[in-house]
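Trainee: Residue numbers (the numbering used here), protein chains in the order written: chain D, 2 to 366; chain L, 82 to 406.
Calculated directly from the structure, the hints in this document are not laboratory data.
Be aware that a few hints might be false.
What the hints assert, rightly or not - Pairs of lysine to aspartate or glutamate residues, derived as EDC-like cross-links and limited to a Cα-Cα distance of at most 20 Å, are as follows:
hint, chain 1, residue 1, chain 2, residue 2
1, D, Lys-257, D, Glu-350
2, L, Lys-132, D, Asp-193
3, D, Lys-358, L, Glu-281
4, D, Lys-358, L, Asp-277
5, D, Lys-291, D, Asp-234
6, D, Lys-160, L, Asp-102
7, D, Lys-358, L, Glu-307
8, L, Lys-240, D, Glu-350
9, D, Lys-162, D, Glu-250
10, D, Lys-358, L, Asp-268
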Amino acid sequence: MTKKTSAAEVGQIDPGTGKPDPAAAPVNASLSADQRIALYRLMVRIRRFEERSLRAYQAKKIGGFLHLYIGQEAVAVGCCSLMGKDDHVITAYRDHGHAIAVGMELNPLMAELYGKATGCSKGKGGSMHFFDPARNYWGGHGIVGGQVPLGTGLAYALKYKGLKGACMTFLGDGAVNQGAVHEAYNLAALWDLPVIFVIENNGYSMGTSQARSSAGELARRAEGYGMAWGSCDAHDLYEVRAFMSGFLEKARNSCKPAVVELRTYRYRGHSVADPDNTYRVKAEIEEYRKVKDPLQVFQNRLLAEKVLDDALVEKIDAEARAEADVSADFAEASPFPTADDLQKDVYWEADNPSQRKSGGRLFFN
Amino acid sequence: MPVLQYREAIRQALAEELTRDPNVVVLGEEVAQFHGAYKVTEGLLEKFGPKRIVDTPISEAGFIGMGIGASMLGIRPVLELMFWSFYSVAFDQILNNAANVRYMSGGQIHCPIVIRGPANGGTNVGATHSHTPENVLANHPGVKVVVPSTPYDAKGLLKSAIRDNDPVMFLENTILYGDKGEVPADDYLIPLGKADVKREGTDLTIVSYGRPVIQSLAAANLLQQEHNISVEIVDLRSIRPLDMDTVLASVRKTHRVLIVEEQKPFCGVGAQLSHMIQSEAFDELDAPIARLCTIDAPAIYSPPVETEQLPNPQRILKAVIEVLD
């Protein structure tokens, strides 16, 4: 961390790696101070939201699964901050970070976790199924790898319509061995679809480490399909942005797909139901937190850049905590959906009765 | 009126919808250069070009999932399964993603896809290629399920299916592809969820769909000629949505019901139907509801025995007489 922050100035070579500091990459160098602060604030808001949702889960306000994004914030914020108007995002079940990164408000997200009618999916999707098509965010999908063909289809639609956009299709390191993922790789490469498969490698597919689950380098499998690929450490927001921007440009402008691996880490268990005491040691988590915590790394950079000061850091944090608390209050005060809502949002035709063309019964006892 | 084969009627529906809506695209294995494994899509590549008629690799989970994703952004893909039996390798895409994405997003997304292809036994291709999954599909709220029995129905229903904003599973039949019937050349639609009385009668109602409708018509003619039994035949055409009004009207007329389906009996479409008929027209029934299904085993290869495993006119005739005895 120190080495990185010492190389914060634009154009300087990082003495630790000998590589150009990603802060100097045009995509980062062009950021205004306000934009840098906004990116930092997004990561803080994700973390405070996740911490608040964990407390709500422990207070039994939230049912089912809760897969927390804590530790991985630089991935979603770094990638989604590069989105243009025709760029799209789809991800798996650890989807809160991406939702906040694309601009969704915390209130409907927390309300969704509480299973309330004011939730982003009206309480019908839950933690794993956040969606906001108006922000080009297509979920939030529960089956490992199942969203990867969908993301490929979003890219297909972009190309079909002649739009200069790309779809970032996020998947976990545990998804790379699913057949649907490889089928999607093949289609993307075969038809030059503007999709970037972003493997968020947090090291563990649930409780099975990468070494115990996946042969070879994860992104290198792209070579078998003749696709571009790359990997990078993803705890430094600048590095994520610098790394991703080239792939995005190629996808948008030349319809070139790619597989990229972003190495990250999660501090919490696979879900909150995972006691996290069988497959890794606490020292490993502490080491990452101490050296590579994405919030701390970026905070240090912005402090060094004099974009942030201690007072502003404190203020952003306090505001994020307050906003997360407000979202929990909002969720708490919101009504649950009713049994009458169960059969809404199943069929488009049933939801639009004046435009219904079919006859007969759609629902059965 | 022009007489077309069932496959030609489907092709005409595709061509008309491709012409009408530039967002309609046909994807599937061998649909373009090869002209379709069953020649349904013959000539479409030449007419509409490779952007609209797309050969896919043998990769059902991949291209069906891709079609679902594309539909979320306004494309209207018609996805051909060479056999519906291959749906099992795309099960997660069809029945987790297409069926559920509207619900899980709280109604923010709709998924206007059609998945079409043949689903039938009777061609001696063994158990893996002879699945009839309409019951499995219809068990999933969020999808619609259509099974046409005639060329006329196939065209009108497919055009409606392509214009539908919900995912429609369209189950054809390889044995019917060569069947001929009158098909108007103009742009007509048959709404989903409207059953059709294919034959009027007074003694017993056969409720059926797909190829067993054609077999039931043959049996009904024999029953009329040789046994003086008058059979009414209700062709459901659409399994979900389901037109129970037409079924119940016929039950009230004949008071006896035989359900004929090319399904295994356990948890088949007929099980749901017989439940609904007894529940809603119990007092109208003069006999227990009877079912004639595929005999409950994986599809056998042996050609003469497969004929006996499936519904056929002789089995139907016998079943009708048993109900009336």
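Trainee: So, for every hint listed, does it hold in this structure?
Mentor: So, going through the hints one by one against the coordinates:
no., hint, verdict
1, Lys-257/D x Glu-350/D, "violated, 37 Å"
2, Lys-132/L x Asp-193/D, "holds, 13 Å"
3, Lys-358/D x Glu-281/L, "violated, 26 Å"
4, Lys-358/D x Asp-277/L, "holds, 16 Å"
5, Lys-291/D x Asp-234/D, "holds, 16 Å"
6, Lys-160/D x Asp-102/L, "holds, 17 Å"
7, Lys-358/D x Glu-307/L, "violated, 42 Å"
8, Lys-240/L x Glu-350/D, "holds, 16 Å"
9, Lys-162/D x Glu-250/D, "holds, 18 Å"
10, Lys-358/D x Asp-268/L, "holds, 16 Å"
In terms of the numbered hints stated before, the structure departs from hints 1, 3, 7, listed from lowest to highest.
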